[in-house]
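Student: In case you want the letters, here they are:
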Amino acid sequence: MTGLRAYAFIAATLLAAILVTVLPYPHAYLLGRPLWLPLVTGYWCLAAPRRMGVFTAWAAGLLADAAMASPFGEHALALSVFAYMMSRYHLRIRNLPMGLQMLFVGLNLFVYEFAIFWINGLTSKTGPILPYALPVLVSTALWPVVFFPLRRLRRRYRIH
Amino acid sequence: MRFWPSRNRTPVSLFHRQSFLALRLACALTASVILLVLSHGEPAGSPLSVFATRLGTVIEQPVAATVSAIASIGPTFTGHEVLEERIQILEHRLLRLRARLTRDRSLVFENQRLKALLGRARTLKQAYRVVHVLRVDLNPYRQELLVGAGPALTLNPGEAVVDARGLVGQIVSTTHHTARVLLITDPGQMVPVEVAATGLMTFTVGTGSPARLRLPFISNQPTGIRPGQLLISSGLGGHYPHGFPVAVVTRVEARPDRSFAYVTARPLAALSEDRELLVLIGPAGHPPPHSPAR
Chain A
1 MTGLRAYAFI AATLLAAILV TVLPYPHAYL LGRPLWLPLV TGYWCLAAPR
51 RMGVFTAWAA GLLADAAMAS PFGEHALALS VFAYMMSRYH LRIRNLPMGL
101 QMLFVGLNLF VYEFAIFWIN GLTSKTGPIL PYALPVLVST ALWPVVFFPL
151 RRLRRRYRIH
Chain B
1 MRFWPSRNRT PVSLFHRQSF LALRLACALT ASVILLVLSH GEPAGSPLSV
51 FATRLGTVIE QPVAATVSAI ASIGPTFTGH EVLEERIQIL EHRLLRLRAR
101 LTRDRSLVFE NQRLKALLGR ARTLKQAYRV VHVLRVDLNP YRQELLVGAG
151 PALTLNPGEA VVDARGLVGQ IVSTTHHTAR VLLITDPGQM VPVEVAATGL
201 MTFTVGTGSP ARLRLPFISN QPTGIRPGQL LISSGLGGHY PHGFPVAVVT
251 RVEARPDRSF AYVTARPLAA LSEDRELLVL IGPAGHPPPH SPAR
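So the protein lines, in turn, are chains A and B. Quick note on this note's numbering: the first sequence kicks off at 1 and runs consecutively. Quick note on this note's numbering: the second sequence kicks off at 1 and runs consecutively.
Be a bit skeptical, because a hint or two may be false.
[As the list claims (entries may be wrong)] Across the chosen pairs, the derived CB separations fall in these ranges:
1) B:A254 / A:R152: 28 to 38 Å
2) B:V37 / A:R156: 18 to 28 Å
3) B:T154 / A:G99: 52 to 62 Å
4) A:L100 / B:A71: 41 to 51 Å
5) A:F148 / B:L94: 44 to 54 Å
6) A:P149 / B:T223: 55 to 65 Å
7) A:R92 / B:T175: 43 to 53 Å
8) B:G199 / A:A141: 48 to 58 Å
9) A:L107 / B:L94: 51 to 61 Å
10) A:A141 / B:A254: 39 to 49 Å
11) B:I87 / A:G3: 50 to 60 Å
Hint data in this document are derived by calculation from the structure and do not stem from the laboratory. The beta-carbon is built from N, C-alpha and C at its ideal position, and this holds for glycine as well.
I would like the entire structure built from these sequences, with the hints used as guidance.
Tutor: Okay, structure coming up:
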């Protein structure tokens with residue numbers, strides 16, 4: 001797959017990630033809700049760095065902001081920082097074994113979630129800290145769950 | 001890390017794209033901060049928030065479709081007999097409630113007569129509109145519902161939303177077919193309430209959990225507030241009508257080391273389970289302009 005179709009495929013996975021994030025869930029799930037959007041964004045930053053970068057992540061974050069009615073620009077900011085870290089070191093992360101890869105992704109997710117926590121605090125939406133910390137751990141554990149299926153899809157449709 | 005692209009960069013470079021990465025990040029961060037600053041504290045009608053709401057509808061349609069698809073799985077695989085039985089149960093319940101309603105109607109008349117005698121001319125009649133819940137957002141920093149209103153229904157920001165059990169929240173923004181309802185459990189929501197038994201005026205603040213509200217300004221001195229007491233909306237501020245059940249006090253704990261006691265309450269409305277809600281039309285709390293002054 002080349003050109004526009006590859007972009008369309010990446011955009012579709014990002015849209016699906018936002019969709020899955022905003023579906024209605026029971027409250028217990030929401031306490032540790034996985035951060036699907038950064039996980040998918042992170043995968044494409046590693047696998048297709050020429051197509052997925054800071055700006056694409058920013059646009060996806062803006063759409064997530066609109067969908068979640070969070071302060072407009074909040075997820076955009078956090079996700080562009082996340083995409084920067086993943087793009088900047090994509091060659092190194094790619095060659096890491098799965099365990100270390102998860103560690104690196106987890107660290108970046110921490111930065112992502114901290115940015116959201118910080119902006120929420122600035123816009124006077126403070127809350128308990130656990131609902132910010134738990135998703136980072138859950139999402140780090142879910143990195144292989146996102147990585148391997150997406151790699152399979154990417155190889156089948158030959159997206160570089 | 002090279003921040004700016006250098007002037008004398010070699011035409012063929014393996015990581016040539018990467019040298020722009022920091023610059024891109026700087027652009028994205030600047031744009032985000034500008035958006036955040038512009039949108040913070042803006043009223044619901046400002047161009048930027050209208051744009052954000054429009055952008056949100058891109059994702060709202062597929063979400064609504066997915067939700068209704070998931071909801072339709074149940075009835076499809078439910079047996080005919082089970083459904084018939086459920087209909088029968090619901091019809092019985094309807095009958096019971098109708099009977100109770102007829103009984104209550106006389107109480108309403110009596111109540112109005114008594115209020116007229118006391119000189120309180122606030123009419124209890126209020127126009128309702130039924131809306132359907134499309135999406136529930138219950139996360140620690142945003143507690144809200146997306147409701148769909150038919151094209152014929154016009155809803156306005158500021159209108160109060162209730163369910164059969166109690167106060168749900170208020171409408172904060174609307175599009176052509178949907179409206180966002182900010183719940184009373186949102187961390188940014190405060191509801192003026194009074195303790196039904198004692199008339200003590202205070203207000204509740206959302207905690208981000210759909211099962212808990214806090215009453216932050218209850219004195220450590222005995223105020224007569226006890227677990228199990230009903231909190232009703234006091235109507236102060238005019239956002240919510242007077243007299244709607246809001247919550248039940250669950251915990252009262254004096255904290256001599258702090259200025260105020262620790263008091264929590266459980267909202268009466270089934271915030272995460274409701275499928276249909278009522279929107280109160282018109283300015284809540286204030287008596288309608290045509291009501292006779294007594």
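Student: Each hint: holds or not?
Tutor: Quick rundown of the hints versus the structure:
Restraint check, A254 (chain B) to R152 (chain A): a C-beta distance of roughly 60 Å breaks the suggested window 28 to 38 Å. Range check, V37 (chain B) to R156 (chain A): about 44 Å between beta-carbon atoms, so the 18 to 28 Å window is missed. One distance hint, 52 to 62 Å for the beta-carbon pair T154 (chain B) and G99 (chain A), holds here, with the actual separation near 56 Å. A hinted range of 41 to 51 Å for the beta carbons of L100 (chain A) and A71 (chain B) is consistent with their spacing of about 43 Å.
Distance hint check for F148 (chain A) and L94 (chain B): the Cβ-Cβ separation is about 52 Å, which falls inside the suggested range of 44 to 54 Å. At about 57 Å, the CB distance of P149 (chain A) to T223 (chain B) agrees with the hint of 55 to 65 Å. Between R92 (chain A) and T175 (chain B) the C-beta distance comes to about 45 Å, which sits within the given range of 43 to 53 Å. In this structure the supplied range 48 to 58 Å holds for G199 (chain B) paired with A141 (chain A), their Cβ-Cβ distance being about 52 Å.
Distance hint check for L107 (chain A) and L94 (chain B): the Cβ-Cβ separation is about 57 Å, which falls inside the suggested range of 51 to 61 Å. For A141 (chain A) and A254 (chain B), the hinted distance range of 39 to 49 Å is satisfied, since their beta carbons lie about 42 Å from each other. Separated by about 55 Å at the C-beta atoms, I87 (chain B) and G3 (chain A) satisfy the suggested range of 50 to 60 Å.
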